[in-house]
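Add chain B to chain A, keeping to what the hints say.
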Amino acid sequence: MPKDPSIKKVLLIGSGPIIIGQAAEFDYAGAQACRSLREEGIEVVLINSNPATIMTDVEMADRVYIEPLSVEFVERIVAKERPDGIVATLGGQTGLNLATQVAEAGILERYNTRLLGTPLRAIRQAEDREEFRTLMREIGEPVPESWIITDESQLGDAIASGIWPLIVRPAYTLGGTGGGIARNVDELLTITRSGLALSMRHQVMVERYLSGWKEVEYEVMRDANDTAITVCNMENFDPMGVHTGDSIVIAPSQTLSDKEYQMLRTASLKIIRSLGIEGGCNVQLSLDPHSFAYYVIEVNPRVSRSSALASKATGYPIARVSAKIAIGLHLDEIENAVTRKTLACFEPALDYCVLKIPRWPFDKFVGADRRITTQMKATGEVMAIDRAFEPALMKAIRSLEVGIYGLANKTGHTLSDMELEEAIRVPHDERLWSITEGFRRGMMVEEINALSNVDPWFLRKLEGLVNLETRLKVNAPAFKQMSKALESEEEEAQEPLEERFGSAVRLLREAKRMGFADRTVSEFAGMSEGKLRKLRKHLGIVPVYKMVDTCAAEFEALTPYYYSCYDTEDE
Amino acid sequence: MSDKGKVIVIGSGPIRIGQGIEFDYSCVHCVWTLRELGYEAIIINNNPETVSTDFDTSDRLFFEPLTVEDVMNIIDREEPEGVIVQFGGQTAINLAKPLHEAGVRIFGSSYDSIDLAEDRDRFDNVLRALNVAKPQGRAVTNEKDALIVAEEISYPVLVRPSYVLGGRAMELVYSRADLERYMTYVVDVSPKAPILIDKYIIGKEVEVDVISDGVDCLLPGIMEHIERAGVHSGDSMAVYPPQTLSQDVIDQIVRVATSLALRLEVRGLMNIQFVVDHETNTAMVLEVNPRASRTVPYLSKVTGIPMVKVATRAMMGVSLKEQGYTSGLHPNQGSIAVKAPVFSFLKLTQVDIGLGPEMKSTGEIMGVDTKYPLALYKAMLASGIDVPTGGNLIATIADPDKAEAVPIIRGFQEMGFHIYATAGTASYLTQRGIPVTTVHKLHEANENITSLIRSGKISLLINTLSTDKRIEREAIQIRRASVEAGVPCLTSLDTAKALLLSLATRKKGANFALATIDEYMEGRVMA
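Protein sequences appear in the order of chains A and B. Those letters in the first sequence? Residues 1 to 571, by my numbering. Those letters in the second sequence? Residues 1 to 527, by my numbering.
With the rest of the complex left out, here is chain A:
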């Protein structure tokens, strides 16, 4: 169906200030939505209290209100502007909560306007645990045993079930605020109390904690015509128990079999259809690493941090397409803005690996609790792209700007073996480097898996990187010799370095292909980074740049972006 002709003017609700759990992704989504709607000839009115955003620039929307995100101010704007509809699914949890309050206050009827995109009923069904569980049971999708609690006196059944540990999740909060894992009755009471206090609905869910299970997310889109697609799936490096905003995330999933991938994809599409979501949605699932058992954990019926990552990982502009769906367009009527040849109903294909690492504020808050749990603590994140997992990981590490450029952090080597085991077992911001230190000390994949529950596939990759690091430490002095030979040779050409130092050249090439930084390699070699760079360039070990084009180069991309890799062909 073409765009709904009754919609001429819309109010877009922004997400307000940057807080943990709600960062720049909503400026990205909101800015994209403004352009997407105006492109269709729609007048856009915007409200957001955060001036440090592109979306609040006067060029972005027709009317920009930098006013408090409260029911009072939204009502006044609606009364003054009389929009035909309100788009609330692009302003994060803040926007969605505010839209819910506005609807409950009767403002929509009073001014004859409506929520566009995903209907309020679907939002409630996705966000209210009990309604969500009922729906999942109806469509035959498994959900973990759980109990909705509105008062701590209702915990009797959960305690009697004998299921431990249990996870407590408050309803209607940002980034899982106030939740936690309870291993006994005392912990259950404490966490439930704080969760109830923090929930906007004074409601928490107590649920079987799937310790050691994999966490997998699917980004899916659906239009009013019931066409639904998968934009991409993503896999958490950290198993269940770590908030996905605090986990290293890889796209596409690396450790799932095709059967598992298809099973979870089918479930995600079934869920978005059953909810009747019109736009983008994020489905979180948990998969048993030892069987095909899975559970549906949660659905975000809106554009989210995960969808920003999925958009950047694939080149598929989820917010832009969601905004078009909100005004009635169907996926097969929306152009893919990257290729301008394909349509938005075309699922992206990835011929590379994307990796995200969260950025935590513990450099500022030295005394803070650095353990990472179900309550998000990261303020931001970095993403890296490469042909394989290893170089993507290495690039992401040096993007963090935490003074770590490779596989060793500052404190790993100072821990006793017992302390190190604890640091591998309990998730914290530097666990990745605790694991690499474990390999450095000769621990086996099985041991580290038993402690951390991180999938053996990831661990084997890390082990491989540590082995390569060891070979570099031993052989890197040859790089210094090569560099000296290069300096003395510049006058008279002798036998090429490649022939005299064949194995060293191959090792350097391998190190670069695996993502090791010049800085790290030159330290091992005892030479300056500049000299290593000169040598590397002389040897022709330079990166080529590949395109992210949404379609694995099947169609020509018009607005591409690039990532480096030490491969042969430049795109």
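Don't read these hints as lab results, they were simulated from the structure. None of the values given here were measured: they were computed from a predicted structure. All C-beta atoms, glycine included, are put in the ideal place defined by N, C-alpha and C. Worth double-checking, as some hints may not be accurate.
Just so you have them, the derived chain A footprint on chain B, three or more residues with Cβ under 8 Å [as the list claims (entries may be wrong)]: (1) 59-71; (2) 291-303; (3) 366-375.
Below, chain B alone, put in the same frame as chain A:
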């Protein structure tokens, strides 16, 4: 392909405390301006959450780490005319030196200008030569010298490691014992890692951004901080235009900012922070950042000057005159904007929420209206300090603040708040005629201040920071209780005073304006 060639804009990397979305905002505007000027604009960044990494923001996007190696690899391939490092925060400015040394052209202020502003000794010489006032202080390399310098300039002093940015490990130190503790436990001091010790000046903090083309210096606006010096500028509320500065102080600020921008040969943006000594009314320079600051988007919106656009054009050779601007302070258009910080303390257990020289906020909001108290109220509301105009308030005030707190607490009481206070504060307030209910301290009883905070009956906690570590240990727990119970907690009397002013306006039934940002900017909103 563009005929003017390529320019690379260095992004700001992941969002962290001290380097937030503001820098992505500036990078995006820089890229857009370059494209308008006919350059092929290339951005390098690794943050997937942002507009700068959207596929159609730049002509080319490289999703790469922002290290010298990765940036130089792209420069080798793209062979740009030059690189812009002024907008990507400290991440980008830190690349100025290695890129300059590798022979890459830096557009805007040169590497030498940047170094002149960032190197403490060189910068001190500049200030002396220009006869610009700054708080007394010196860099020291051992504890003994630290104690001597502190005695010389007298306590309290502001201490911090040299070359550490964003206020990390910065502290206000009130006594010799405290300084010994700081030098022993907080920092590693050595000849290679000097510690800066500056006299702490009590007074108003003021911030300006300057745009210069080397000839003219435009000051889009001056922002006055609401909290006195000692609270990190990123954690302070701030108001544009200034509400309490005399014309003489404003003139001093314009003069100093202009002469510094010219002496440092700034091309593009620079940010200067001042403290106005309340005794002498002298504007003293606290800090200079030779780059776009966190206040750029906020000031751009309220002054109507697209600061990044103007600065980028100036960097690329379009003079301010050609752009229609002249030197000096741009006149205010009639609206008042208050910026307020927003914190994420709920997520960060074991973090003390008291405000000080280290930045703790994760974001900010803005309240705009035609009168200061109205803008203030909107800013308070939008930042989550949603306090009713009556209810119960708890006050625990440190001894040195007690006298100053009396009229503020009385104001709340007269407005209709019932006051609770711990013993010391309670007897002080009662003696001055304010009815107070005494509440037990943590160690005094089970029914105590934190259980009262958790009871749900309290709408506000005012808790000023003590220099007594024993008192502070308990105060930290009290403040955490307020975070967990969702009770707004103010640790500065300046914020409390501002809140009182805004609530009084609310109570009188003020008419808050509702207008688009351009209506405010153009002065089209009637008071």
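Numbers of unmet hints, in rising order
Hints that this structure does not satisfy do not exist here, as all of them hold.
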